[in-house]
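Q: Starting from the given sequences, assemble the full structure and let the hints guide the process.
There are 2 protein chains.
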Amino acid sequence: MNDMSPLRDPRLRRQEDQRKRILDAAIACFARGGFHATGMQAVCAEAGMSPGALYRYFPSKDAIIEAIVERDRADIPKQLTPLLGADDVIGALIECARQFLVGNLKPESLPMFPELYAEAIRNPAVREITMRCDEEVGDIIVRVLERGKALGQIDAALDAREATRFLMALTDGVLMRLLLEPATELEGLMPMYERSLRLFLAPPPASREAAE
Amino acid sequence: MNDMSPLRDPRLRRQEDQRKRILDAAIACFARGGFHATGMQAVCAEAGMSPGALYRYFPSKDAIIEAIVERDRADIPKQLTPLLGADDVIGALIECARQFLVGNLKPESLPMFPELYAEAIRNPAVREITMRCDEEVGDIIVRVLERGKALGQIDAALDAREATRFLMALTDGVLMRLLLEPATELEGLMPMYERSLRLFLAPPPASREAAE
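Keeping their order, the protein sequence lines are chains A and B. With the UniProt record's numbering applied, the first sequence has no gaps in its numbers, which climb one by one up to 212 at the end. With the UniProt record's numbering applied, the second sequence has no gaps in its numbers, which climb one by one up to 212 at the end.
None of these hints come from the bench; they were simulated from the model. The C-beta atom is built at its ideal place from N, Cα and C for all residues, glycine as well.
Sample of chain B residues with no beta-carbon within 12 Å of chain A, all distances over it, derived: (1) L12; (2) K20; (3) R21; (4) C44; (5) S60; (6) A67; (7) R71; (8) T81; (9) E95; (10) Q99; (11) K149; (12) A150.
Not everything, but these chain B residues come out facing chain A in the computed CB check (under 8 Å): (13) P114; (14) E115; (15) A120; (16) I121; (17) T130; (18) E162; (19) A163; (20) M168; (21) L170; (22) V174; (23) G188; (24) S196.
A: Structure follows, in structure tokens:
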């Protein structure tokens, strides 16, 4: 959009800061009351901004929700890219999932995740962003799995695309359960998650023996 | 509460019918607009009842939400009980999960599931019902897994309680993903779900060979 780095142009940098301030305020409000029960006035109050100033950045609550989803999901591909160079593909996937879960269990964003899902099902604009980001994440994991297959660490017979959808479902499900139960329970669930992932992805024992 | 079967007492039966009519109407409304954007008036209109009649059954929207969660979750233990007599424990678990997924993918209840989750995180009354029903479901699955262990069909080293939490997370996650994507995709995801469950629960290959 602009050749100049936003970090170096003070005007763009201020715009970026203001957008961040509004989104953080909105997340805090939504976490307390949900998307639909929260008015723009509450977001203005939380951000310490006038409606006039806020509307310059986001014309509607829907625009804020879309920006939150966009930001939330945009971070995930960055976290996944190192997987493409990992020596131990399955181990790196598990560690990456742990980081994703820990990051999403921060108290200030706790109730957001299922609500984003509910909104994605109902609201076509949010759904479009969610699906686009999901696709991006999915494409990286497919490449990770294909690389694991080539390295003999992952069952060559596994359909990487379907396996990726399943792993994303599994990880989302674990996150949902951790949101319902005390977050400290992560340590109880992680060994199960790890067992499941290792057994699901590993080549069958016979082919492992043949390779040894 | 009452010794007389509600099906035989016409007055109780009518009350039951009216409650069902209101809950079905509320689900239709919530599915379209979400819990918070839906007013009691919309539920009255959908149910074809006056506010006075409706308030006799449910004093508030929260009371309706709680009754929906209660009804939704109350059905699950009934579906699970046959598992306690299954010959093929893992096969029966997979079939049961398929029925659960298919039942929750009905278009009229589509967006309810993540919203119930969001509500359970935010609303202590809904959380309490959700956790109570989850516990009931969990207790049955723990017994199913213990039975599978005794039969040699499930890894004896597996912690049945943690494995149950994990299986519930996994199944919820698959449901969430199916809600986001076209429901027809169930057939693509089910073989992955089945592979995962079988490998996760099965005794390790060495002990299987020893048993043969």
